[in-house]
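Read off the chains here:
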Amino acid sequence: MKRIKTIETRNLKDSIKNGGCGECQTSCQSACKTSCGVANQKCEKAE
Amino acid sequence: MIHQYKLNGYDIVLDVNSGSVHCVDDVAYDIIRFFCEGALSREETAARVMEKYNVTKADVEEVFDDIDQLQKDGKLFTEDIYEPRAFDLKNRHTEIKALCLHVAHTCNLSCDYCFASQGKFHGERALMSLETGKRALDFLVENSGDRVNLEVDFFGGEPLMNWDVVKGIVEYGRKIEKEAGKNFRFTLTTNGVGIDNDVIEFANREMHNVVLSLDGRREVHDRLRRTADGRGSYDIIVPKFRKLVEARGGKDYYMRGTFTHNNIDFTEDIFHMADLGFDQLSMEPVVCSPDDPYALTEEDLPEIEHQYEILAEDMLRREKEGHPITFYHYMIDLTGGPCIYKRISGCGSGTEYFAVTPWGDLYPCHQFVGEEKFRMGDIWKGVTNEPLRDDFKLCNVYAREECRECWARLYCSGGCAANAYHGTGSIKGIYEYGCQLFRKRIECAVMMKVAEIYGEENEDQ
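Residue numbers (our numbering), protein chains in the order written: chain C, 1 to 47; chain B, 1 to 461.
If you're looking for bench data, these hints aren't it; they were derived computationally from the structure.
A hint or two may mislead.
Below are the DSS-like pairs computed for lysine-lysine, each with C-alpha atoms no more than 27 angstroms apart in a straight line [to be verified]:
hint: 1; chain 1: C; residue 1: K5; chain 2: B; residue 2: K57
hint: 2; chain 1: B; residue 1: K134; chain 2: B; residue 2: K381
hint: 3; chain 1: B; residue 1: K75; chain 2: C; residue 2: K45
hint: 4; chain 1: C; residue 1: K13; chain 2: B; residue 2: K381
hint: 5; chain 1: B; residue 1: K428; chain 2: B; residue 2: K134
hint: 6; chain 1: C; residue 1: K42; chain 2: B; residue 2: K178
Note that the structure is a prediction, hence the values are computed from the model and not measured.
Start from the sequences, fold in the hints, and give me the full structure.
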C-alpha cells in the first residue's frame, strides 16, 4: 500500500480466544500510583 | 471507531477496536476522515481530494481499494464486539493478585501535595507489625487461586521508617513462595531519606522494582518536598538515589516525580533527572483538591499537552543519539501488550488489588485508605463488604457512557476509580482532566512507535 502503512499490532479480536489468563501486572501497581493505564503493561503470556 | 491525528510530521490513524495503527499520507488521511464523517459519496470524496491535492482519480481509487482491503482484514472500521466480555475477567478470576502494604503511616518528609496527608492518611501515625505483614502475605497466597505472580508493594507513608519489618516480610515471602508455588514480586516506593548501604543491598537483591520519588530540578523538588523543619530534601536524597541505581545492576527502577501548577514546564524536570544519570523515568500530574495553590488548572492544559509533545520528540532524539530514556507513560507495547480482557476490565482495585493498612484493614486501593466507607474487610476475615466489591467489579470500560465514546478506552481500561471518586463523588464518574492528559500521552506514545519504524524513511524522502 502506497499511502497507508500499517504497523504490526496485537490483534485484539484474536486475543478474545487466547487472552484472559490474568497473570499480568495490576495496572496501577508500579510507577504511577495515581492514574490508570494498561497500554504499558506487558502480556505475561507473550513473554 | 477511528481516531486520527497529526503529530510531529506524521499522519496517524488508529482503528480503536482492532488496535491497529496506520501511518498514512495527507491524501489517505483526508479520505479516511471523509469516510468517518459519512456525508460524502465516494465520487464526492474523490472530487474533494483531487481538488486539494495533486492526485489522479486512479490514485484515489487505489486508496479506496486499500481501505476496503483493510476493512476486510479487520484493521479499519472494526466494530466493538467486546462488551459482553467486559465482566468475564473479574467474574472468572476472583482471585487477589496484588497488595499494597502500608507498612508505615508516618513519614520523614512533609510534602505539601501528599495524598496520604503527610503519610497519616487522615488517621493516627502507625507502623505495621511483622505479624500483620506476614498475615497479609498468607492472605494473598490463600486468595490467589492459581495465579503464580503475586505483587506486593511496600508503601506508606515512608516504608523505610519500618525497614526491619519490610525485610522480615520479604524474608517470610521467600520462605513460603516455593511451597505455595508462587512468585512474589516486591516493589519498594521510597522518598529516599532513609536509604543506606543495607537498604541498597537488600532492595537491589529482593525488590523486583523500586520507585524513587524525585520531582526534578532542585528548586522544584525542594519547594514541596521538605523535611518536617522546612528544609529541602533534594541534597539529602539525590546522592542516595544515584548510589542505589548504580548498584542496581540493570534491574527495574523508576524515578517518579509529581508535577504541579508550579512547574508545568515539567519536561525540564524529566531532562534534569536524565542529566543526573537516571534513565527510567515517570512524572505524574498532581492529584489534589482544586483549591490547593499548586493544583493544575484548565489554563495549564494546553501547555501541559505541549510539554508531552516536547518530551516525545526529545526522547526520539535521545534514542537516535544512542542514549535513550524511558518514560513510564510512553512505554507502549503494540505487539505484545495486554489482551482485550485486560483492556476492558478496569484497573482491578477492590477486586484483584487491595491496600492493607498498618492494622490489617483492606481498602480497594492506596488512594482510598482513610475513607472509612471504603473499608472492605481485613486480612483475617477477608473481604466482608461484598456490595462494595460488587461495585468495583462493575468498574470497567463500559461502566461509563463517556468511555464508550472515547477512542482511548482500550488503552486506559476505564480510568482510575479513586480519581473518579475524588473528582465526582462516584467511582463510576469521569475525571475528565486526567482523561485529557491520558489521551495526549497515548497520542505521543503511538507517534513515537510510528517514528521509530518510519522515521528513517521520512528523513530519506
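(Q) Name the hints, by number, that the structure is in violation of. (A) Result: hints 4, 5 break, sorted rising.
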